[in-house]
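Colleague: Modelling step: build the complete structure from the supplied sequences, incorporating the hints.
Here the protein sequences line up with chains A and B, keeping their order.
The numbering of the first sequence is our numbering, which starts it at 1 and goes up by one.
The numbering of the second sequence is our numbering, which starts it at 1001 and goes up by one.
It is worth saying that the hints were derived from the structure and are not from the lab.
Source: prediction; values computed, not measured.
The beta carbon of each residue, even a glycine, is placed where N, CA and C say it ideally should be.
Among the hints, erroneous ones may be present.
Claimed, not checked - Covered stretches of chain A (in silico footprint by chain B; criterion: 3 or more residues with CB under 8 Å from a CB of chain B, positions within the stretch not fixed):
1. 51–65
2. 91–105
3. 111–125
4. 135–141
5. 206–214
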Amino acid sequence: MVVFGLFTVVPILYAIYESLFTSRIIGGTVFAGFGNYSQVLSSGPFWGGFIRVIIFGAIQIPVMLVIAFFFATVFDLGVARWGPTFRTIFFIPFAVPVVVAAIMWGFLLEPTNGPVTHLANLFGFGGTNFLSSGLILPSIILIAIWEWTGYNSIILYTALKSVPRDMVEAAILDDTPLWKIIVRIKLPMVRPAIVMLIFLNSIGALQLFVEPQILLYQGGAITNTWTPIIDVYNTSIANAQYNLGAAMAVVIALVITVISVGSMAFRRRRGELA
Amino acid sequence: MSAPTLARSGDLTATPNEPGRESRRERRRRERLEEQDANIPVQLYGLKRGTVTGITALCVLFAIFTLAPVAWILINSTKSQAGIFQSFGFWFARPFQFFHNFSLLFQNTDSGTYFQWFGNTLLYAALGGGGATLLAGLAGYGFARFKFRGSKAFFYITVGALLVPVAAITLPLYLVYAKAHLINSIWGMILPSLVSPVGVYLMRTYVDLSVPRELLDAARIDGAGEVRIFVKVALPLMVPGLMTVLLISVVAVWNNYFLPLIIFTRNTLYPLTVGLGVWSQTAERSGGNSDLYPMVVMGGLVTIVPMIALFLVLQRYWRGGMLLGSIAN
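Modeller: This is the structure we're talking about:
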């Protein structure tokens, strides 16, 4: 009975925690009515930030997943020497705080003595400034790819490992070429994992905050409304317009929830959700 | 504070029937053999030796990309302010002042002292990450092995919490804190860290797969109490899962930036991420003239070393499959 009690209390704590969320969100906006919302919804810079993070995700996620899937396949097939060692190395960025990652890359991409800038000069791109307003987005995409590819790759690797071995053996006996084994057998089997990664990474991309915030004073390309979360931060903390900030947070949460529920419904319809 | 937890779990793995007593070398050999056995020999795919070399080369390239920033920060932690900006980034430069830079971290700056932040982070990670693991273990076990009134509903709430966008709810959280006087309170940081829906979900999946119902029933027939069953029977079997959740939760707290950034206005409470962020931004705002740079670089290094070490230590417990379970279901 003691254990029983313990296990009911813990989830109830969760439930209370959850219920607080809704009241928090409503509590922050009740006083202001819908005025804040109309202000947020008609704000050009706010939606500009949204479009920016969508572009960010639309480039970063596919590039990252292709690299991650490639290495996951390599590890799964065991076609590279020292596979387990590489697996460990690729996973290291996961343990590096995004703040530190952004600081390190800030130095590497630095326009006067950054090693990457030197490399660009070597290849004839003299005077490239990776932190200028034109190139800051690709630079942040690079940082995000560095941070998350290994993690995604390990998840895909685990998914590939669960593909039944006899299916692959049967295909080999039928003289199926390797690329066909990968594309026709393995890829469809790990499709649910890939779909889930796309969805999780999209939620992450919409909440882009740390990298641009850390690179704020380098190159000066990051504006106060660069991403939606930066906009929320500056509106509510720096400018103390809490209610307006809360309305923004609600809109962001709503957009993300719609995407979540949408993807869930999509997967359920495809029969991928148990 | 996480050290005692680790030691205790270590004892649990060493129960007589566990293979935990085999030596490190034996384990490595066994793992290598298992790895070889699990893979289909490369030749069967009709690949040439050259292809293997080519793919290995690609792995090396990506490994260089992965390790470059880490190598950079290691090398530049030995440099002076001028050295960081004037010498080649991937080689050492005189004067060698690694230890001087390290000692700078103990200094008081306008924005606070690094080692105070380090202590704070340790505290938040131990209480938040350790607590989250504990709660996830209990709740996961409860969900997986007990049916109680509303258990399904509670579990769905937990799964629903997985979809809540963290950054977007941080501000609402801040607004409540302002009302509840949790601004500049360490509990404001620790309490939200305790709640790990991912952890609960992972632990439920893990318990379902690795703690057989029959074993628990057998223990019950033998007259063991529920607490005893949990501690003596279930817990040892849950260790690898708990270690994975511990790693995920500690990394999450250690890396958290947005929440501490907005709830702490007093710099004596900052964790490393916020402190480093402030230093870095202060240095950048000065237009490259600040003597904070060597401290930012050294501080970054000291921030990532414990996490990489923790990861390498816990690696043998790491169950990537659990992550898969969480996303594939």
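Colleague: With a Cβ-Cβ cutoff of 8 Å, does the region 91–105 of chain A contain at least three residues near chain B?
Modeller: With 14 residues close enough to chain B, the hint holds.
Colleague: Okay, the region 206–214 of chain A and chain B, do three or more residues pass the C-beta test at under 8 Å?
Modeller: Coverage by chain B holds here, the residue count being 6 at a Cβ distance below 8 Å.
Colleague: How about the region 111–125 of chain A: do at least three of its residues have a C-beta closer than 8 Å to a C-beta of chain B?
Modeller: Since three or more residues must qualify, the claim that chain B covers the region 111–125 of chain A holds, with 5 doing so at under 8 Å.
Colleague: Counting residues of the region 135–141 of chain A with a beta carbon closer than 8 Å to any beta carbon of chain B, are there 3 or more?
Modeller: violated (count 0)
Colleague: Taking 8 Å as the C-beta cutoff, is the stated coverage of the region 51–65 of chain A by chain B satisfied by three or more residues?
Modeller: violated (count 0)
Figure legend: structure checked against the earlier numbered hints; hints not met, in rising order: 1 and 4.
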